[in-house]
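J.: Spelled out, the chains give:
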Amino acid sequence: MSLSFFNSSHIPSGPLEEKWDKAKFSYKLVNPSNRKKFDILIVGAGLAGASAAASLGEMNYNIKVFVIHDSPRRAHSIAAQGGINSTKNYKNDGDSVKRLFYDTIKGGDFRAREANVYRLAQVSGLIIDHCVAQGIPFARDYGGLLDNRSFGGAQLSRTFYARGQTGQQLLLGAYGALMRQVKRGTVQLFTQHEMLNLIIEKQKAHGAVFRDLITGKLKSFKASAILLATGGYGNAFYLSTNAMNSNVTASWRCHKKGAFFANPSFVQIHPTCIPKSIEGQSKLTLMSESLRNDGRVWTSKIKGDSRPSHQIPESERDYYLERIYPSFGNLVPRDVASRQAKFQVDKGYGVQNKEAVYLDFSDAIKKNGLKNIAEKYGNLFNMYQRITGDDPYKTPMQIYPAVHYTMGGLWVDYNLQSSIQGLFVLGEANFSDHGANRLGASALMQGLADGYFIIPYSLGNFLAQNPDSDFKESLFKQAEEESKENLQNLLSLKGSQTVDQIHKKLGKILWEHVGMIRDKEGLMKAEKKIKTLREEFWKEAFVPGEAFIKNQELEKAGRVADFLELGELMVQDALTREESCGCHFRTEYQTPEKEALRNDKDFSHVSAWEKKSSKENWILHKETLKFENVKLTERNYK
Amino acid sequence: MNFNLKIWRQKSNKVPGSFQSLFVKDISEDMSFLEMLDKINEDLILKKEEPIAFDHDCREGICGTCSLMINGSAHGPQKAITSCQLYMREFQNGSEIYVEPFRAKAFPIIRDLIIDRSAFDRIQQAGGFISVNTGSAPPANTIPVPKEKANQAFSSALCIGCGACVASCKNSSASLFTAARIFHFSKLPQGQAEKTNRVLNMVKQMEKEGFGACSHTGACSVSCPKEISLETISEMHREWRKAFLNKTT
Chain X
75 MSLSFFNSSH IPSGPLEEKW DKAKFSYKLV NPSNRKKFDI LIVGAGLAGA
125 SAAASLGEMN YNIKVFVIHD SPRRAHSIAA QGGINSTKNY KNDGDSVKRL
175 FYDTIKGGDF RAREANVYRL AQVSGLIIDH CVAQGIPFAR DYGGLLDNRS
225 FGGAQLSRTF YARGQTGQQL LLGAYGALMR QVKRGTVQLF TQHEMLNLII
275 EKQKAHGAVF RDLITGKLKS FKASAILLAT GGYGNAFYLS TNAMNSNVTA
325 SWRCHKKGAF FANPSFVQIH PTCIPKSIEG QSKLTLMSES LRNDGRVWTS
375 KIKGDSRPSH QIPESERDYY LERIYPSFGN LVPRDVASRQ AKFQVDKGYG
425 VQNKEAVYLD FSDAIKKNGL KNIAEKYGNL FNMYQRITGD DPYKTPMQIY
475 PAVHYTMGGL WVDYNLQSSI QGLFVLGEAN FSDHGANRLG ASALMQGLAD
525 GYFIIPYSLG NFLAQNPDSD FKESLFKQAE EESKENLQNL LSLKGSQTVD
575 QIHKKLGKIL WEHVGMIRDK EGLMKAEKKI KTLREEFWKE AFVPGEAFIK
625 NQELEKAGRV ADFLELGELM VQDALTREES CGCHFRTEYQ TPEKEALRND
675 KDFSHVSAWE KKSSKENWIL HKETLKFENV KLTERNYK
Chain Z
199 MNFNLKIWRQ KSNKVPGSFQ SLFVKDISED MSFLEMLDKI NEDLILKKEE
249 PIAFDHDCRE GICGTCSLMI NGSAHGPQKA ITSCQLYMRE FQNGSEIYVE
299 PFRAKAFPII RDLIIDRSAF DRIQQAGGFI SVNTGSAPPA NTIPVPKEKA
349 NQAFSSALCI GCGACVASCK NSSASLFTAA RIFHFSKLPQ GQAEKTNRVL
399 NMVKQMEKEG FGACSHTGAC SVSCPKEISL ETISEMHREW RKAFLNKTT
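Sequence lines, in order, name chains X and Z. If you read the first sequence in this note's numbering, its first letter stands for residue 75, the second for the next number, and so on. If you read the second sequence in this note's numbering, its first letter stands for residue 199, the second for the next number, and so on.
Excised from the complex, chain Z in its bound form:
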């Protein structure tokens, strides 16, 4: 297969970037999108040109490192996958493909397609945990958790922290990312003790990092490789209101 690629190149966040046109041929349909980039890079290096910098690691859709905006969609046109799980058989031979980094004010560009997502770590630092020191846990089965609750918690604990939700949101909101963790803990008995401070602190940190507000378009959930539900955001807002009232009254 042949493709006409337009790839975002930017040496650092101090200089402006632009699209580079690259025509690639002889791509196998069984190649993943990132393997195509590997091939392009190999060709660039052999031509003594600078390869394209892009983030990737596990290449099986779980580490959350890869982060490409492909033809304007986070992780490309297919639903419920990450960029590394996208295969060239999904594209039409000869088509034009635009490749960009996930763009948001809170995700500064490091180089080409690589962005800085440390804001996500700081949101988790604000409350994305249950405070239990090593050694102080009660025996595991003393806390029964109804199967449905455990499954609900699991459904949002799946978040891989890739940032597709932010990149797809017109407000660059990190609501889905933040809500996923809050929802996970709010469904479990272990998460109850800290729930007031958790939601207040995490939401506050999210705003401080420069992510926008949620206006419920649902683009985040549609682009989420783990299909995390919009319901998590409603739950976060409910929890936040309760917590806010609790704190102020």
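Bound-form chain X, shown alone:
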């Protein structure tokens, strides 16, 4: 069903290069002396949330920031390793706004909006300027100028980095800027607060309900606008590279109040993670994509080979990425690299019959010296050694794909506004710019673009046209009651399974059927299994403890309950998209070379799902993607 709603995704008309300027000029402004009157709630303070809060604070809006952690500096952006893309072209290798735009659109397998992606590339240079001014210690060369490296899906070096801790450094920069605003009094900080409900009337957001995670008390706040920057939902899979507390709850509760959820099945499975080793494992650890600059991926050419790596002679090694994709080699995009690793393992070429392939640095060490490699990747090598007990300077790393990032998220228009008025969504939490596959080093770019350089303008436009409206006390009471009831329902669960046990089962279903490879039969099975599991949760789960105290199991239970609903939508989304694109690989739709076979005629759209009430099924809205500046081709990295 196509709705007229999407005729207004508010993309300005005119040439691609002028759209953002045009939008900015058309935006209404809020007089500096009036900004204090607007209450803005920002939920989440990772890169997107902290940068938005700092920038809007500098403009003197009245801001409240809520985070589930004990400090905004804990947000999971902190774990991003490799880098941040920008079109500076400091390497003089032919980069430009247009090229980053094209790489990103192609990398996303032509399932993202042209206008959004172009804007992202346009502001990417400003981000680097700002971060350098904040004192972020990016890598530099001997002349004191900024250095770059390469990432997947690009044939040039446009990635800025701070060793393997780029996310940490960028987040601490945004965090510092946020702390400065707390000191100035423009931002009030609420740590250990979780958003549980959205207060709306007539499709307009008026406030939100939070739970103080220390006292357990519910608190509501009214708002002129709400910004969600709560990250992705990869933890639906239980095992992922996400932090343990990353969750979908704030987004999901907004979805249940009417915010459309777009492309929920677009989940990035990152090719280079440390393989699962034991049953009680709680999470998977990423090894940065930057490693593929110097590491070579291979398996044995012999099926079921049980020899250790050093006994496999060069002639019996299959550098399969270099073989299949000679022009991009080891630096193919993530979805492609992951799928090929799975194919190798499924065909019986896995390292010593395990779910793993090699990532080998011996050639790079021979060529550039140990010191050079240690300087670039030292912390990653140490991290690997600590977890596995193996020394990657001596033996090749063993890696396997793992859930890492979600391209899907709440639907937003060009102004980052969701389908609910006054509710804006930033960073990984929205579906925006990455289509069906995100390129490496683009998540940090998007989070900071949204927060520093887009929302400060587009929010003003909304506020100027929506001066503080009257709010009704009764709506707040009602929303609080809903949340209270939900918490009581969870606390009344006194079955025989822990919340984690059920979460693990959900993860298994999703990994098997909505993972790297999907098909109709499997998806239909998954649909049934998830429904049954959800019933099991509401009958069999056990939630200990009380409401008015720090209760981590209660927090977890609420989040897993939401994942159990989201899981079903992910399946539906994957079922209805009868094509393959980027991360979404349906075995029924593939080229003879086993690459994703898109169907641009029928599926060149964003799938945005609406939930009218808990009893009704989801309604699918399609936002048609128009490509006026790029030619849709088969994505070729050969």
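Since the hints were derived computationally from the structure, they do not count as laboratory data.
In silico DSSO-like pairs for lysine-lysine, Cα to Cα no more than 30 Å straight-line:
#1 X/K630 to Z/K246
#2 X/K686 to X/K546
#3 X/K172 to X/K712
#4 X/K579 to Z/K245
#5 Z/K402 to Z/K347
#6 Z/K246 to X/K582
#7 X/K138 to Z/K212
#8 Z/K303 to Z/K393
#9 X/K603 to Z/K237
#10 Z/K204 to Z/K223
#11 Z/K237 to X/K350
#12 Z/K212 to X/K568
#13 Z/K347 to X/K165
#14 Z/K245 to X/K582
#15 X/K605 to X/K630
#16 X/K613 to X/K599
#17 X/K558 to Z/K209
#18 X/K579 to Z/K223
#19 X/K579 to X/K421
#20 Z/K245 to X/K291
#21 Z/K212 to X/K558
#22 Z/K246 to X/K578
#23 X/K468 to X/K421
#24 X/K568 to X/K630
#25 X/K377 to X/K440
#26 Z/K445 to X/K257
#27 X/K350 to Z/K277
#28 X/K445 to X/K165
#29 Z/K246 to X/K613
#30 X/K331 to X/K102
#31 Z/K212 to X/K630
Got chain X sorted already, so can you dock chain Z onto it with the hints?
T.: Quick look at chain Z alone, frame taken from chain X:
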């Protein structure tokens, strides 16, 4: 592997706490310390007992959330790691392990092993930033930074704000934490404009929060998961003296 654990239990900061003895068996040596706690919690929940509250998030040593005192050492016996990066293979089978929260007056206990570290945020609010508004930055390469200076800045910018330095210090001083940020900015041209006020304000806030003074034993740096050097504290003291004289003369 089997272990005899003594774990600190305290329902809130209003009631006294004590050690709970727990005997655990069948622990894989490839389990992380926190995964062992997960397993204990699962068993406790299934026995309808209250699980152990402990802080954790990224489980890869970068978010700084986990904060366990293990056998009297912040983040356990191994150097340069956080609690989540500690694996059971580092312990002797059958050994006794004491698990406590990071203790300091400025870190009140919330529950069991969870502490309140908001004092750290307030120290950063006092000056842990360069005052630059969004939109006002000059083009990035107009500020060259010698590679060595950038590397030095990076070495202390690594701080994850976990609080191991405070927990290990006999004075519960937050000097290493505070100095890490000051050192980072003092090495960069961008950090020069505000350096006088930064060091004065951050040190003042650190004292106000109830952290103790530094007596240079170096325990902080030894326990720091990111191995931040004691040199940062010397630099902070130098900067502070210069700033103090500048302000008063």
